[in-house]
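Colleague: Sequence:
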Amino acid sequence: MFRTMLPDELVKSLRNNNFRFFPTFTIQRYLQIIIWHYNLNGKAEIFKERTQVDKANKTLTLTALEGDVLRNCKIWKTTFQATPKNETTGYVKIILEYEKTNEDDLVPRQNFDFVKGFAKEVGDPRHD
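Numbering (the UniProt record's numbering), first residue to last: 1 to 128.
Misleading hints may appear alongside valid ones.
[What the hints assert, rightly or not] Pairwise CB distance ranges (calculated):
#1 K43 - T101: 17 to 27 Å
#2 H37 - N86: 37 to 47 Å
#3 H37 - T88: 29 to 39 Å
#4 E103 - K55: 19 to 29 Å
#5 K58 - E103: 28 to 38 Å
#6 K74 - A119: 21 to 31 Å
#7 T101 - I35: 13 to 23 Å
#8 L65 - V92: 16 to 26 Å
#9 N39 - T63: 18 to 28 Å
#10 E87 - A44: 10 to 20 Å
Think of the hints as simulated: they come from the structure by calculation, not from any bench.
Small disclaimer: the values here were computed from a predicted structure and weren't measured.
A virtual CB, placed ideally from N, CA and C, is assigned to each residue, including glycine.
Full structure from sequences and hints, please.
Modeller: Here you go:
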């Protein structure tokens with residue numbers, strides 16, 4: 001089922017569900033800033049992001065401000081763009097932008113996998 005989720009609704013949804021992909025995490029929210037505390041491959045990590053909602057274009061953009069993901073990346077930005085197919089269904093395109101700190105750094109595969117797992121969990125109809 002397609003639905004529009006604002007950042008507060010997304011946070012509420014995350015708090016009310018038991019996600020298999022990352023079962024333990026906490027979220028702190030300050031206006032347009034969200035701080036995530038989570039485990040990635042058994043390691044505690046932090047991610048501080050700015051959220052931007054564009055209702056006209058049905059996008060939610062999360063831009064990294066601080067955190068572990070920025071150890072190897074200068075830029076880390078995730079955009080979720082919703083496109084309705086009809087009144088009850090649709091799809092979400094995820095655009096992930098990043099720039100490595102050094103050309104020799106590895107591609108941040110575990111962070112890609114985290115975003116992919118997050119999207120699967122949020123989109124799982126068992127969590128509606």
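Colleague: Now look at each hint and say whether the structure bears it out.
Modeller: Here's how the hints hold up against the structure:
1. K43 - T101: 17 to 27 Å: The hint (17 to 27 Å, Cβ to Cβ) holds, given that K43 and T101 are roughly 19 Å apart.
2. H37 - N86: 37 to 47 Å: 38 Å, holds
3. H37 - T88: 29 to 39 Å: Because 35 Å falls inside the window, the suggested range holds.
4. E103 - K55: 19 to 29 Å: Since the Cβ atoms of E103 and K55 sit about 38 Å apart, the hinted range of 19 to 29 Å is violated.
5. K58 - E103: 28 to 38 Å: At 35 Å between Cβs, range holds.
6. K74 - A119: 21 to 31 Å: 24 Å, holds
7. T101 - I35: 13 to 23 Å: Given a distance of about 22 Å, which is inside 13 to 23 Å, the answer is holds.
8. L65 - V92: 16 to 26 Å: 23 Å, holds
9. N39 - T63: 18 to 28 Å: For N39 and T63 the Cβ distance comes to about 22 Å; the hint holds.
10. E87 - A44: 10 to 20 Å: 42 Å, violated
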